[in-house]
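Peer 1: Residue numbers (my numbering), protein chains in the order written: chain A, 1 to 322; chain B, 1 to 322.
Hints listed in this document are in silico derivations from the structure and should not be mistaken for laboratory results. There's no promise every hint is true.
Identical copies look the same in the list; a pair holds intra-copy or inter-copy alike.
[Said to hold, decoys possible] Below, computed lysine to any residue pairings styled on SDA-like, alpha-carbon distance capped at 25 Å: (1) Lys-121 to Arg-93; (2) Lys-4 to Asn-216; (3) Lys-15 to Leu-280; (4) Lys-4 to Pro-148; (5) Lys-4 to Ser-142; (6) Lys-15 to Glu-217; (7) Lys-4 to Thr-144; (8) Lys-15 to Glu-140; (9) Lys-121 to Pro-319; (10) Lys-4 to Leu-313; (11) Lys-121 to Asp-90.
Number of protein chains: 2
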Amino acid sequence: MSRKLTESIFLPALKNPALDALHDGAILSLPPGRVAFTTDSYVIDPIFFPGGDIGSLAVHGTVNDLAMCGARPLHLSAGFIIEEGLPLADLRRIVASMAQAAAVAGVTVVTGDTKVVDRGKGDQIFINTAGIGVVPEGIEISPTRARPGDVVLVSGEIAVHGIAILSVRQGLQFETELRSDSASLHDLVGAALDVAGTHLHVLRDPTRGGVASALNEIAASANVSIELEERSIPVNEAVQGACELLGFDPLYVANEGKCLAIVAPSHAKAVLEAWRRHPLGRDAAIIGQVREEPRGRLVLHTRIGARRVVDMLSGEQLPRIC
Amino acid sequence: MSRKLTESIFLPALKNPALDALHDGAILSLPPGRVAFTTDSYVIDPIFFPGGDIGSLAVHGTVNDLAMCGARPLHLSAGFIIEEGLPLADLRRIVASMAQAAAVAGVTVVTGDTKVVDRGKGDQIFINTAGIGVVPEGIEISPTRARPGDVVLVSGEIAVHGIAILSVRQGLQFETELRSDSASLHDLVGAALDVAGTHLHVLRDPTRGGVASALNEIAASANVSIELEERSIPVNEAVQGACELLGFDPLYVANEGKCLAIVAPSHAKAVLEAWRRHPLGRDAAIIGQVREEPRGRLVLHTRIGARRVVDMLSGEQLPRIC
Numbered sequence: 001m002s003r004k005l006t007e008s009i010f011l012p013a014l015k016n017p018a019l020d021a022l023h024d025g026a027i028l029s030l031p032p033g034r035v036a037f038t039t040d041s042y043v044i045d046p047i048f049f050p051g052g053d054i055g056s057l058a059v060h061g062t063v064n065d066l067a068m069c070g071a072r073p074l075h076l077s078a079g080f081i082i083e084e085g086l087p088l089a090d091l092r093r094i095v096a097s098m099a100q101a102a103a104v105a106g107v108t109v110v111t112g113d114t115k116v117v118d119r120g121k122g123d124q125i126f127i128n129t130a131g132i133g134v135v136p137e138g139i140e141i142s143p144t145r146a147r148p149g150d151v152v153l154v155s156g157e158i159a160v161h162g163i164a165i166l167s168v169r170q171g172l173q174f175e176t177e178l179r180s181d182s183a184s185l186h187d188l189v190g191a192a193l194d195v196a197g198t199h200l201h202v203l204r205d206p207t208r209g210g211v212a213s214a215l216n217e218i219a220a221s222a223n224v225s226i227e228l229e230e231r232s233i234p235v236n237e238a239v240q241g242a243c244e245l246l247g248f249d250p251l252y253v254a255n256e257g258k259c260l261a262i263v264a265p266s267h268a269k270a271v272l273e274a275w276r277r278h279p280l281g282r283d284a285a286i287i288g289q290v291r292e293e294p295r296g297r298l299v300l301h302t303r304i305g306a307r308r309v310v311d312m313l314s315g316e317q318l319p320r321i322c
Numbered sequence: 001m002s003r004k005l006t007e008s009i010f011l012p013a014l015k016n017p018a019l020d021a022l023h024d025g026a027i028l029s030l031p032p033g034r035v036a037f038t039t040d041s042y043v044i045d046p047i048f049f050p051g052g053d054i055g056s057l058a059v060h061g062t063v064n065d066l067a068m069c070g071a072r073p074l075h076l077s078a079g080f081i082i083e084e085g086l087p088l089a090d091l092r093r094i095v096a097s098m099a100q101a102a103a104v105a106g107v108t109v110v111t112g113d114t115k116v117v118d119r120g121k122g123d124q125i126f127i128n129t130a131g132i133g134v135v136p137e138g139i140e141i142s143p144t145r146a147r148p149g150d151v152v153l154v155s156g157e158i159a160v161h162g163i164a165i166l167s168v169r170q171g172l173q174f175e176t177e178l179r180s181d182s183a184s185l186h187d188l189v190g191a192a193l194d195v196a197g198t199h200l201h202v203l204r205d206p207t208r209g210g211v212a213s214a215l216n217e218i219a220a221s222a223n224v225s226i227e228l229e230e231r232s233i234p235v236n237e238a239v240q241g242a243c244e245l246l247g248f249d250p251l252y253v254a255n256e257g258k259c260l261a262i263v264a265p266s267h268a269k270a271v272l273e274a275w276r277r278h279p280l281g282r283d284a285a286i287i288g289q290v291r292e293e294p295r296g297r298l299v300l301h302t303r304i305g306a307r308r309v310v311d312m313l314s315g316e317q318l319p320r321i322c
């Protein structure tokens, strides 16, 4: 059955010479540079949602993890765990969506695997994608590089993906449909690297756990403090409303098409402008700054002038959001 | 919860600088050569079995896929999909077993991901490993390189993994316990490459679908015929007995620590001798030959002197065997 799926669905949709060889693995000639390697499993529920599906998400997510290392994403692997009974039409639609997302991101799916599990031993479909990319000479992106004085940017409105998924799950209706922001960010990253080069210190896509978790992790890695201005953080009205209704803090809600950057102050404005010229960065904003103290902490200046420490989220706010 | 698992279980067991960086991906400096890239998801049931567990299997399987490309295995990613309720002690044991298998194979787990799904939406634990390795200059292993006159070797007794797993599932008792042959084959492959170099044309580990499926695929890829001598194929007595009892053909039963090689006739004996000197190849044997006709077919000379075409297996003989 795996072989039939491979021949009838995966190969035709994802066609490329490495995959077509049907070897145990793909043999690749990579451009020079350090190799970035990353993996993510996608278990999102529902598998189809406004703005994407588990297939496009599995491509975007892994492309973005590579981009956040400063790498040019090149090749993906795809491992499918399919629950018996998944309609073939759904699988075809998911694979077509992966193929399209891969084409847009300029990556090829070069190797794959399919396992089928009994009904009740999975949930329709889980997808793992691993990715490899190449980090050009001279690029040095790492969470440890955040340093006091650096400026924190976000590429657009936060919390959209999480609220879009939750709306579908809960059957919530809004005046305008909320669509996931799921997208490949490599080009947006490229635009920032073009103008800032080594002055671009940290990149991170704030997926599970949202902006607050991502910045907490960076503050801990670099042993610095990060200060956010609440009023500068772009949140769209529908998302804000949904968050209030549901009791969520948008800072903790997942994004799938937004990027945080921590940049030397000399180059922050150049990155902001480059992003605002980019279709995925039109709502980019400077949202905060890196400071020395309190080390390892994320601090929020609230709209009403208070300062509060924003902790890591404990417990999962939104399960199976990616 | 994922973060807690990462900090309390994954990082301590799998410790290495790339993983410790806790970045979105690992940044690696690879030795020169083409890069091999492969992935497999492991959904084996039961997750603990005689001779291994899902953790060691997930390392061996992906290390072997790299080795079958002629690559030196270097780095793995690990994606865990954990069903709520999996005992932490089981997870610890699985991760420890991955760590040990990785150490033996000389590979590091450099990047990972954990997802937790509700009870009843998974089955204890699924693991995806992707792997990267480097193919040394001058090595050219590919299923398309099988050519008429080449000799077919197997590194030892076949069908052991599949029958071991099935015995546990069915509660069968044998005089001697059947243990899976799950093992990393990169060193055995190295021994063959050392003596045969470019005269080693094809490598394949006959996992799901067994020796018959692997050789059928190779015959199709290279557009040649492969002829096997049934009497030369090493099958241990207990496995043979179990196959008869259960109505399985050992040619279709999964292996996890055996390797097929297709070698130029000038170097077949050298590979056989090198393998027999290796602890994982003591029962290695020459089991057949590549011919021109009938193209794309696997043909078996049976013990009683008959010739029969051995087709691809249709339908899954043993589900969730890896």
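Peer 1: Which numbered conditions among the earlier hints are violated in the structure presented, ordered from lowest to highest?
Peer 2: Violated hints (numbers, rising): 3 and 4; every other hint is consistent with the structure.
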